[in-house]
Amino acid sequence: MTMKDAIASFVHDGDTVSLEGFTHLIPTAAGHEIIRQGRRNLTVVRMTADIVVDQLLAGGCVTKLVSSFVGNSSAGSLGELRRRIESAEPEPLEFEEYSHYGMICRYLAGAQRLPFHPLRSYAGSDLPSVNPGIRKVTSPYPGPDGATEEIYVVPPVNPDVTIVHAQRADRSGNTQVWGLTGVQAEAVYAAKKAVVVVEEIVEDEVVRSDPNRTVIPSHAVHAVVACPRGAHPSFAQGYYDRDNAFYRSWSHISKDPARLRDWMAEWVYGTRDHAEYVAKQGEEFWAELAVGEAMSLPVNYGRRL
Amino acid sequence: MTMKDAIASFVHDGDTVSLEGFTHLIPTAAGHEIIRQGRRNLTVVRMTADIVVDQLLAGGCVTKLVSSFVGNSSAGSLGELRRRIESAEPEPLEFEEYSHYGMICRYLAGAQRLPFHPLRSYAGSDLPSVNPGIRKVTSPYPGPDGATEEIYVVPPVNPDVTIVHAQRADRSGNTQVWGLTGVQAEAVYAAKKAVVVVEEIVEDEVVRSDPNRTVIPSHAVHAVVACPRGAHPSFAQGYYDRDNAFYRSWSHISKDPARLRDWMAEWVYGTRDHAEYVAKQGEEFWAELAVGEAMSLPVNYGRRL
Amino acid sequence: MTAPPNDAPNDAPYDGPYDGETKMTAAGTATSSELLSVVASRELAGRRTVFAGIGLPTLAASLAHLTVAPRLEIVYESGVCGAHPSQLPETIADAVLITGAEAVLSMATLFGSVLQGGHIDVGFLGAAQIDRHGNLNSSVIGDWDRPKVRLPGSGGAMEVMANSGEVFVVMRRHDPRSFMAELDFCTSPGPDRALADGITPRGAGVTRVITDLGILARSGAGEELRLVAVHPGVTVDRVRAATGWDLQVADEVATVEPPTAAELRLLREDVDPGRVYLR
Amino acid sequence: MTAPPNDAPNDAPYDGPYDGETKMTAAGTATSSELLSVVASRELAGRRTVFAGIGLPTLAASLAHLTVAPRLEIVYESGVCGAHPSQLPETIADAVLITGAEAVLSMATLFGSVLQGGHIDVGFLGAAQIDRHGNLNSSVIGDWDRPKVRLPGSGGAMEVMANSGEVFVVMRRHDPRSFMAELDFCTSPGPDRALADGITPRGAGVTRVITDLGILARSGAGEELRLVAVHPGVTVDRVRAATGWDLQVADEVATVEPPTAAELRLLREDVDPGRVYLR
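Chains as they are written, first to last, in our numbering: chain A, 1 to 305; chain B, 1 to 305; chain C, 1 to 279; chain D, 1 to 279.
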């Protein structure tokens, strides 16, 4: 499926959309296509709301954000996000805030269709006072000291669609990831529909030579999109490196609304699709991010004699 | 560490001992060494109480069993277990019974140091009536119909020691498993101490060539024991096949207490260690269980240029 | 392990190794195993995911894949998805299921995200006892505390029942010792018992019971199993007599179409040429 | 992401790119980064596992590994355990951390089994504001609803605080805007606030605060941070003036031993030869 068709089919105005990938394999190209197609009133769910979220905000796609970290990695600020939250410019942003493990537990509860997931965070934090979704449950077992024990819980999240980026998948959607695997599998299982964007679609035999490498099985996947370099400016282990210079520059780009508008005009609205975005960067640019070889040693799965 | 030293150091009379491996990589050799060393009053925790548990019972090591399946795979009965439960012969067995996902959730809660883990099982089952550990919690969120929702929960399990078998580890305990990975990682993280038995200890470079293959990191491991073929009669993917004939024969061996005694005398008490057990089976025997090659295709982890 | 179907040795008092019977049935030249496999396969028409143990469920699912449900995926309790075995597997954890598979999942992911997550359309279960609502016992004959016979227990059966869209049960022997008015113990409860426990059930529970006499069916909570079809030559009265409660019978009881030559050929030549399960 | 130390641009009102200052400190020829790294590394003596973000915590842990804590394992928030990078990483998710690592864990395993499971001895955190009990704010300056400055938020900081045996905080600038009597918002609470919320805490909370003026310490619930050491040339009064509450002071305030030539050589030649963080 093309990215255009996948976004048209699976992302609708008003949807709750999860985009996951923890610093690695961030589905940027999918985010850009959502902006190009002009989606509105999305609730975006993402642990680390970083550059792609700032861009979706700048595209006017998002009315609500559910997240546990709002920053440009450790490289600086998100200008549009800060304007939306600090001064409601150009419009307010509804923000539902959790911690990282809170978000992970929401995905775990969502994936398992549980009414809640307990966790040992939030005790004494001010976060529950600004997020009524964070509640307490009394354990039915005595605590270590014999007394009644309370614990915080978070509610499940079940996005209308989860979009993740991966290194490779077969045609039916069996998706293999190596390096940082993040929370992608849980986010996919929590969702009603899932779109997997990959660096390459490979032959069945490649996937089947190493079934333990499959992080997301086909039964959980509704569309597979081939989109090389679709995780830029983040990285794809073994495919291309992180574009640290772009991360650093984003603070400056996004700080100035005019400059941000120009950037969006040039790189998102000004490109028909991600292939054009990639071509526009130029070959030298990609050569800078190229990586060498460090191959895994094969293991034997065995064959009955 | 030798198996003898590992069992002597980490398994004590009265301990709660988890042995995991779901049909694959069952830590049989460790079980035999526990029997040889004459441990008593153990609580054994194991999802599928199968042949190794029947042997531990026959060795008089176990006073309590925590499990979700008590049977010889699909190949027949466990004679000693049935005698202990059905007629308290030669002595009663305390049995704490769960379902598979109940056991998995107990390990998950144990690994995460949670007071309980919710799951959508047990509603309407007779199991909670015979297991007071299975309780209910009221969700603090309204259910789909707006009404109050109740859900069953299970308590954590934190074994004194968890013993698992794996294909390989490095000297410091980074453990790699492929094929069925079962619940081993959770059982290890739930335990106070963990012993990993492996087919082979490999060079650091082998493990580090594929860090995603590491299912159990060294910080969770207290002893690594090299014990080739230590999972017999179960299998080790890529190393040797399952001994289905032995599974079938166990129903007959264990049904007759005298025959069972003879078998234990010959194969457990009559061998000094697992190397002797392996040698005693003979080369032809192992040739029957040998497997051919089906190598995984390598992936590129990448190297900065 | 889920509890094996009621022919397995653990389902004592029918103890002892399986006798490998191949008696002919009313369906003509098909064996009992072939008949049950073919009938079960037809019920999988159009289904997408099935959770199956080894044995008859695997045969039924594999045959369905070749006939009425080409997109069917078998998910094994061991964690294997999309198996492409080089030989017929002997257990749900057979190494040949893993080599060449599309994915292998941890137990936590399999039971949590796949099964409890609602990704299974049809689960296959066996049991020692079944009642009129499709509640199943695979735990004990007699009292749990001091049973006459200790059976394997739930394994994942309770989870399959609670979380699959619907459950098919294959019972080789339709007799009053297995089809009981009151279970000795309810291991895997259907939706009616869940509701009585104050919890809203997810799936329909048992919707098909395929036996050596015919097919019982129900569509969900509040319904009893009803006899909807009999094998050729089997009378409704015979099924009633073999059932330990006052069995409801459909207005029109169909006669099961015997396995076709094409179905039997696929089963014998493609699905289980070594006759590992087609005993 | 856990919140970066208080020198990071997100900790506005100190906004703008990092200025790369290399001003000399009282410790002689060491830069501020070097000084803080060396002092933090010494505090890791004998520790086994440290949860650290990139930057000063990585430098401190790497130096400690070469000096006072040879068995130290750094666990990164990205899921990497036992990294053996070919080059110094630039982020906690740098690809060079993964190639050649001993293990890479999913977020669920990292936060659930490793961190909440109690496997981390020392967690490193930064913050925009800290109070006398070591409670931290990395969320907002001003009100949460309409903040003057929106900071990154918890990330995993709350989990690091709740679950590590103890927490070390590195603050580059010891001043009253950061060392506050009342936090604008408590993101990551120490054990005293957890107890007040009715929940028994797991770890000791913040036990060391390493700043450009000296070292504050406390040992657990019920205790305030106390000034235990100052850098050469720094007076107790200067630290008191830079602290937004009435700072407790140890009976004997030590003077921090300046970085030794050996420590500086290891840091500059082995740990960060490219001076990626030693700005």
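Treat the hints as calculated values from the structure; they're not laboratory data. Treat the hints with care, since some could be wrong.
[To be verified] Here are the simulated EDC-like cross-link-like pairs (lysine to aspartate or glutamate), alpha carbons at most 16 Å apart as the crow flies:
1) K193/A x E205/A
2) K136/B x D145/C
3) K136/A x D121/D
4) K136/A x E150/B
5) K136/B x E149/B
6) K255/A x E89/A
7) K148/D x E149/A
8) K64/B x E96/B
9) K136/A x E96/B
10) K4/A x D273/A
11) K64/B x D197/C
12) K64/A x E96/A
Given the structure is predicted, the values throughout are model-derived calculations rather than measurements.
Worksheet item: In ascending order, which of the hints set out earlier in this document are inconsistent with the structure?
Response: Going through the list in order, the structure violates hints 1, 2, 3, 7, 9, 11 and respects the others.
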